[in-house]
Amino acid sequence: MLKHTLAACSFLVLAHATAALAADPAAPEPAAKAFKIGTLDAVSLHDAQFTPPNDGKVFGADVGAEAVAKVLKAAGAPTDKITLSVDALLVKTGAQVVLIDTGVGGALQGSLLKGGFTPDAVTDILITHAHPDHIGGLLTSDGKLAFPNAMIRLSSAEWAWLQAKPDQTKLVAAISSHVKTFEPGDIVAPGITAIAIKGHTPGHVGYEIVSGKDRLLDIGDTAHSAIISLAEPQWLQGYDTDETVGRDTREAMLAKWAASQERLFSPHFPYPGVGTVVKSGDHYAWKPSLSAK
Numbered sequence: 010m011l012k013h014t015l016a017a018c019s020f021l022v023l024a025h026a027t028a029a030l031a032a033d034p035a036a037p038e039p040a041a042k043a044f045k046i047g048t049l050d051a052v053s054l055h056d057a058q059f060t061p062p063n064d065g066k067v068f069g070a071d072v073g074a075e076a077v078a079k080v081l082k083a084a085g086a087p088t089d090k091i092t093l094s095v096d097a098l099l100v101k102t103g104a105q106v107v108l109i110d111t112g113v114g115g116a117l118q119g120s121l122l123k124g125g126f127t128p129d130a131v132t133d134i135l136i137t138h139a140h141p142d143h144i145g146g147l148l149t150s151d152g153k154l155a156f157p158n159a160m161i162r163l164s165s166a167e168w169a170w171l172q173a174k175p176d177q178t179k180l181v182a183a184i185s186s187h188v189k190t191f192e193p194g195d196i197v198a199p200g201i202t203a204i205a206i207k208g209h210t211p212g213h214v215g216y217e218i219v220s221g222k223d224r225l226l227d228i229g230d231t232a233h234s235a236i237i238s239l240a241e242p243q244w245l246q247g248y249d250t251d252e253t254v255g256r257d258t259r260e261a262m263l264a265k266w267a268a269s270q271e272r273l274f275s276p277h278f279p280y281p282g283v284g285t286v287v288k289s290g291d292h293y294a295w296k297p298s299l300s301a302k
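10 is the number of the first residue of the sequence shown in my numbering; add one for each residue after it.
These are calculated hints, taken from the structure and not from any lab test. Using N, Cα and C, we set each Cβ at its ideal position, and we do this for glycine too. A hint or two may mislead.
As the list claims (entries may be wrong) - Below 35 Å or equal to it, Euclidean Cα-Cα: the simulated DSBU-like pairs (lysine-lysine) are:
(1) Lys45 with Lys66
(2) Lys189 with Lys174
(3) Lys82 with Lys207
(4) Lys222 with Lys174
(5) Lys79 with Lys302
(6) Lys123 with Lys79
(7) Lys101 with Lys174
(8) Lys123 with Lys222
(9) Lys265 with Lys153
(10) Lys82 with Lys101
(11) Lys101 with Lys189
(12) Lys153 with Lys222
(13) Lys265 with Lys302
(14) Lys123 with Lys153
(15) Lys66 with Lys222
(16) Lys82 with Lys288
(17) Lys302 with Lys45
(18) Lys123 with Lys189
(19) Lys207 with Lys90
(20) Lys288 with Lys207
(21) Lys288 with Lys90
What the hints assert, rightly or not - Here are the simulated distance ranges between beta carbons:
(22) His187 with Gly290: 43 to 53 Å
(23) Thr178 with Asp64: 41 to 51 Å
(24) Thr92 with Ser150: 22 to 32 Å
(25) Ser165 with Ser289: 35 to 45 Å
(26) Ser185 with Asp291: 16 to 26 Å
(27) Ser300 with Asp64: 30 to 40 Å
(28) Gly221 with Lys265: 13 to 23 Å
(29) Glu217 with Lys288: 31 to 41 Å
(30) Gln177 with Ala301: 30 to 40 Å
(31) Ala264 with Asp129: 14 to 24 Å
(32) Lys82 with Pro157: 26 to 36 Å
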């Protein structure tokens, strides 16, 4: 019962946050930060920011708002809310211009232009999962394809899940002719492999980008808050459709990443969201490797 209650609550919170972002007159300014993955050109693209309340319904849903507030206070952050960025990653690999996720459709188009790319130039869109803050930028405000020349790629399990959502029928109808599914483990673009990361949604994946000896993993929503998710990874996360599996996956992946020091892109960590996970006492911390300036 707890799992279903939290999952339903998390989707409503996310939906309300997405709506608020779309209507926010003080939406973030476009931002684009270029960097390299081996010989590949990559750009972190800022889309939006939202601040869900610390109400014990999503973050630390099994421990309560007071426990979450203690973690936030220790990090020097406000204790009444959790600040999350919403960002996307662009990678130019060979002739393909690959965009990973599309945010809520906030500042993404402006950020794309600031990074030197037009929407028409995007050839492939890789979706980590079908939550509104990752697929919200697929369509324009008038319901047309925001990236008209792009093939939209997501796992077959995630596409089936999205198609079954009654509130996404218009989106599904608009994008279906451009969708091509894959299975986790498939190479989805030159140098980019889809990696199963279980628990968040039925077909949630990350994307491993490799060029020579360099690599970077887009972790999708394996972890949401650079503070809470790393300080207390064992706490249940209400955004996960299966909170127990999501927790177990998060703990295992954080241990793996801290040991390997693999460079990561996290779409909800502070922009530009590129860095590594490091061990910090009995928990973890985020070490950015790219500044926003």
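- Task: Taking the numbered hints from earlier one at a time, note which ones the structure violates and give those numbers from smallest to largest.
- Result: Checked against the structure, the hints that fail are numbers 1, 4, 6, 9, 10, 12, 15, 23, 26, 29, 31, 32, while the rest are satisfied.
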